[in-house]
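Visitor: Take a look at the letters that make up each chain.
4 protein chains.
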Amino acid sequence: MSGSGFGKLFRVTTWGESHGPALGAVIDGCPAGLALAPEDIQRDLDRRRPGASEFATSRAENDQAHILSGVFQGVTTGTPIAVMINNTDQRSGDYARFADIFRPGHADFGYEAKYGLRDYRGGGRSSGRETCARVAAGAVARKMLSALGVEVTAYTISVGHIRAEKIDLAEARRNPLVMPDRDAYERASEFLRTLAEQGDSSGGVAECVITGVQAGLGEPVFEKLDAMLGAAVFSIGGVKGVEFGGGFSAAALTGAENNDAFFFDGKVRKAANHAGGITGGISDGADIVFRAAFKPTPSIAKPQRTVDTAGNNVEISVTGRHDPIIVPRAIAVVEAMAAITIADAVLQNSTAKMSDLLKLYS
Amino acid sequence: MSGSGFGKLFRVTTWGESHGPALGAVIDGCPAGLALAPEDIQRDLDRRRPGASEFATSRAENDQAHILSGVFQGVTTGTPIAVMINNTDQRSGDYARFADIFRPGHADFGYEAKYGLRDYRGGGRSSGRETCARVAAGAVARKMLSALGVEVTAYTISVGHIRAEKIDLAEARRNPLVMPDRDAYERASEFLRTLAEQGDSSGGVAECVITGVQAGLGEPVFEKLDAMLGAAVFSIGGVKGVEFGGGFSAAALTGAENNDAFFFDGKVRKAANHAGGITGGISDGADIVFRAAFKPTPSIAKPQRTVDTAGNNVEISVTGRHDPIIVPRAIAVVEAMAAITIADAVLQNSTAKMSDLLKLYS
Amino acid sequence: MSGSGFGKLFRVTTWGESHGPALGAVIDGCPAGLALAPEDIQRDLDRRRPGASEFATSRAENDQAHILSGVFQGVTTGTPIAVMINNTDQRSGDYARFADIFRPGHADFGYEAKYGLRDYRGGGRSSGRETCARVAAGAVARKMLSALGVEVTAYTISVGHIRAEKIDLAEARRNPLVMPDRDAYERASEFLRTLAEQGDSSGGVAECVITGVQAGLGEPVFEKLDAMLGAAVFSIGGVKGVEFGGGFSAAALTGAENNDAFFFDGKVRKAANHAGGITGGISDGADIVFRAAFKPTPSIAKPQRTVDTAGNNVEISVTGRHDPIIVPRAIAVVEAMAAITIADAVLQNSTAKMSDLLKLYS
Amino acid sequence: MSGSGFGKLFRVTTWGESHGPALGAVIDGCPAGLALAPEDIQRDLDRRRPGASEFATSRAENDQAHILSGVFQGVTTGTPIAVMINNTDQRSGDYARFADIFRPGHADFGYEAKYGLRDYRGGGRSSGRETCARVAAGAVARKMLSALGVEVTAYTISVGHIRAEKIDLAEARRNPLVMPDRDAYERASEFLRTLAEQGDSSGGVAECVITGVQAGLGEPVFEKLDAMLGAAVFSIGGVKGVEFGGGFSAAALTGAENNDAFFFDGKVRKAANHAGGITGGISDGADIVFRAAFKPTPSIAKPQRTVDTAGNNVEISVTGRHDPIIVPRAIAVVEAMAAITIADAVLQNSTAKMSDLLKLYS
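Chains as they are written, first to last, in the working numbering: chain A, 1063 to 1424; chain B, 1063 to 1424; chain C, 1063 to 1424; chain D, 1063 to 1424.
Read the hints as simulated data drawn from the structure, not as lab findings. It is possible that part of the hints are untrue.
Which copy is meant is left open, because identical chains are indistinguishable; a pair holds if it fits in one copy or across any two.
Computed cross-link-like contacts, BS3-like style, restricted to lysine-lysine with a CA-CA straight-line distance of at most 30 Å [to be verified]: (1) Lys1364 / Lys1329; (2) Lys1329 / Lys1205; (3) Lys1228 / Lys1205; (4) Lys1070 / Lys1421; (5) Lys1228 / Lys1364; (6) Lys1070 / Lys1228; (7) Lys1205 / Lys1421; (8) Lys1364 / Lys1070.
Just chain A, same shape as in the assembly (with noise of 0.2 Å):
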């Protein structure tokens, strides 16, 4: 099993490299009788699009998305819905030399091992480009969301030490680091420059927050909200750390200081939210706040120890077309699998209560 699969009810499955011919989604299990047009897709596909910014490669992809299935007269018909997208300026050319040689934070070594091969064009399989089949596929479950009245919205809250101070939602869709706060995009732009020019990179950390979600939604034990999240998220390429609502800092405080006090105005609500909206993995009807830390874009050109495959020690330097730092490209990416794995635990959900049960089948 190469894992390319994603989900319970709400299944998505992927497939394609770097430098193939093209990259797809399978998504199965889209209730029917949502409407759905490419353009649903299409946004979100050009918010993660290569060579849309100074800070992102320069290959030039148009990403279009192809509906090949699943959708007809504009409404989805519960069948899969197959999703296209075709590569177009691959330079495999770039990577013949890396053929032989595994890149210090790449996945070459573990491919080789594992596979005993690998398709070294671009990282194959690996490759950062595998995931616009994950943004055509989110793009399906925030439509369905959306009917439900459900958003999610990640943004770039820290750039190397840099970290945003408010959350100006108009503001992240306006910088092309996508942070909330023109005064940190600022100062993250010049401090990306200068490590661009040093042929180095940077990490960062992206914050998602998840709105209009019911309380309930999460299934006990092994399949609770946090650790469905928490798999898609780490799923994402460079991710070292997930947390939710207080997270790491939850473990320096105390019972009375973490505890979000329950209170009654026609709705159970909750007087604050260390717990990031899921309580026990179980939603509590707050917002679900959550914050994923990227690792520095593993190429740079800086020159780096390494090893071949015939085991010879050797210096590389990846030049080539890098982002200097993968979040903010990554944003579309954090709110697709999360839109994805909110989908599946509302369909999962759906089937919680005898009560429900009966209202559909009588």
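Starting from the known structure of chain A, arrange chains B, C and D on it as the hints suggest.
Guide: Showing chains B, C and D alone in chain A's frame:
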């Protein structure tokens, strides 16, 4: 699906509530021919047993493991291994007063929203008591991994603001907080006693190290090894953050600082381990290292504001038998979930190569 | 994976061997709020109990069902329902002589080839005794289906060459062969007594009818309703053939003869039911009808040629406590597997339409 | 879940409708290092291609397979293999008149009941055209199995009442009905021509033989090899019955007649194969033999009574391009589903023994 199963080939299903007659695990997919004795399971169960120290609930359970199937003449047969642990010291009376009230920081409200009703005795299925079934299953995974040279070890790296400055595993085995630093342990004990007097509790962080893992484990894209470990660890009650290797601190590094250089000395090795043993979602042959942040025990005697099922705003004081901190008793659970995940990854990896298949079938 | 789990949302996992201390089932995903009492399960268990008639093994098991979790105050909570049945009348001694020999018609040789060893006591996991766990799980599914107006009924349609000419369900409930035709029952009894004297056994066919099934159940392509029922029924030991509606006889008809015409009388109905209630893999609103062909009990006293584990050609006579025919006691198992499959299909179908989702989430 | 995935380790996901732009399959979990060329897939696709004979629809599709991922330099990489087949000769116009009417014997009514809407063009997803994606995936499984010495061969054993009296595989490859008996083929051709003139169709039976299967395949209890093959074959449109070895006739035999005696001649063998190569759900080393009964093509020109979506009772004559019998073109599909199932069973069986695991990991 109430999410009580975990793993694809090494499949664990658990059942049971805090105050039911028993809890259990069914381990399906453990290879045949593994020597397995009740003591192999008892050893780990005893480490998470309640009543073992001043920092653990005084609930007196002997947590005796009974193997009911899957083992014949001391060896696994390949059929499901069923393990049962009887509950003996339930005091449901303690909980009657929580039948109509939502304890802050607990799953009470989420379960009520999801299922329309709940077993309020000790939190029912959402109780930490559920984890003894995980530990039993983890012990089987651990036995299988040992045969392959893989060992899983966790310990308490911090209690509140008190952090272990050194890693002395012998010391961690000696003290009830499972801290690998005697001095940190003594300060943490003081801190916890003070909190206990105040009817409060503390959060903390667990660290886990997995040695002897071959390179190549983990499935690309959605079932990366860190994604599966992330799901496994986030499924443990109270975990609010998980990070691998450098984790969140990697987000503040540059590529040159964070990449682990490879070198060859008869075998491909890494000069550093910022990646925590997983690069591109696949094990890279170095030790796997991750940390889990636990929130403070939500059950505290200090008065808290909350709501009852009738929608009244009330005050609650959760007295009873509760740990002042989750981490020390969760150590065995963290190891169990890690072992189960690695065992499953090992089995899945067995079919990655045609050359391996030909080894087995000719 | 030793395949001990069945179903996607209504998920059943079984464990236990013929001569172990107990057998059990874990039912995960049963909706919360279903009234469930031990008697609901006991009723079905008693129907497959051994020692109940001259045509069943004299092994005396009381097959008492113990519900260990998932039910609180007489109602399901949505968490896993664990049911355990203790073994009380094992006579492993009877089997010691089969430890090193492969019984013809049994899984002995296959298990040895697969696992390299086996629990030879009563066939271990491959024993028909394993089915009592299925029956317990099926009783839960049946209770859930009854609430939705779905009923599952099976009976013995033929014993050897003796076929029931009429379907009198009251009669089927009365006689130990569960035949719906008194005259056929009497002739079959005679036939079985004669075979028993000769140390031989007979095959037979079970028929199952499911009423009250709404149209639309089953998932297209690979998880069609007949594909899932087919897997469920073929998973019962001794089943060599399964057919729906006309079944094999449909292969000799023409389209004009075999198509079921639709007509409308306030509701879309069919003028015939050659399809057996499933058309194109989806339930069509008519009764679901299928038949399962069971081979003769392989354990016979008549001498047979076989091989021992050392590779010697030997002769064997399988004396002991064996049914002269599998079908009558398998009737409750056929119903159980059908009920579990339909229950799972009902849950899966709950998320087929956006309109249903909006009903539940707004 | 619209059930478009099959298999646990060798996982196949298909997509596409009869009149959409294309159809495809994603094969996830094929081991790395298998030589795979487009011709390997094309060979099987050509066998089920329409327009190939007088007994197949005249729809002219060249069914060209395009491999879009998972193969690099002629060898599988272990990542998902995506295959796409474009539709070129859709004539949706033919179907506009069926938009509001339920064709007898088709899934139209079930889909409408399930999804509230349907792609009526050529049956959309429920069309036999969907099976070309299965055949493409099956070709990959077949290539993998060949490397292990396993071969899968199916043929038409009967057309209506006309049954092949001998099995001449060369003859089966020669004639368009894929019948292994020249004389039976000639009589069947006459019979089908007569039916075609009458605007009617015929049912038939396919038989499949799998050679070279090692003993030990299949997982006990719910995932027995016959249960998985049963699901695979029943998932093919038009199949109403499946039987292994003696099948339904075994129900009329005695144990002494039906048991296959073992003997040893350097290897454990069976003196007969009433079991059809599967005993107790596990392969026993003999050839696996099963039959599938197909109903007559439901699309017939003869007038039939049915209902439209408005609830009017109407008469319908399904003219257009339809096969007078399903079986011959389904032969490649039966082989494909059998190959996929066995390939998955082989992969799953790789982890049955600790001794095998130690072979791979040390």
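Visitor: Using 30 Å as the alpha carbon limit, work out where Lys1070 and Lys1421 are close: within a copy, between copies, both or neither.
Guide: Cα proximity of Lys1070 and Lys1421: in one copy and across copies (23 Å, 21 Å).
Visitor: Is it within, between, both, or neither for Lys1364 and Lys1329, if the alpha carbons may be no more than 30 Å apart?
Guide: between (57 Å within a copy, 25 Å between copies)
Visitor: Pop the pair Lys1329 and Lys1205 into one bin, within, between, both or neither, using alpha-carbon distances up to 30 Å.
Guide: The answer is within: 27 Å in one copy meets 30 Å, while 34 Å across copies does not.
Visitor: Pop the pair Lys1364 and Lys1070 into one bin, within, between, both or neither, using alpha-carbon distances up to 30 Å.
Guide: Neither. Shortest intra-copy (43 Å) and inter-copy (41 Å) distances fail the 30 Å Cα cut-off.
Visitor: Quick one: Lys1070 to Lys1228, C-alpha cut-off 30 Å, is that within a copy, between copies, both, or neither?
Guide: Neither: 37 Å inside a chain and 43 Å across chains, both beyond 30 Å.
Visitor: Taking 30 Å as the upper bound on the Cα-Cα distance, should Lys1228 and Lys1364 be classified as within, between, both, or neither?
Guide: neither (34 Å within a copy, 34 Å between copies)
Visitor: Cα distance capped at 30 Å. Does Lys1228 pair with Lys1205 within a copy, between copies, both, or neither?
Guide: within (28 Å within a copy, 50 Å between copies)
Visitor: Checking Lys1205 and Lys1421: alpha-carbon separation at most 30 Å within a copy, between copies, both or neither?
Guide: Both. Shortest intra-copy (24 Å) and inter-copy (17 Å) distances satisfy the 30 Å Cα cut-off.
Hints 5, 6 and 8, counting from the list given before, are not met by this structure.
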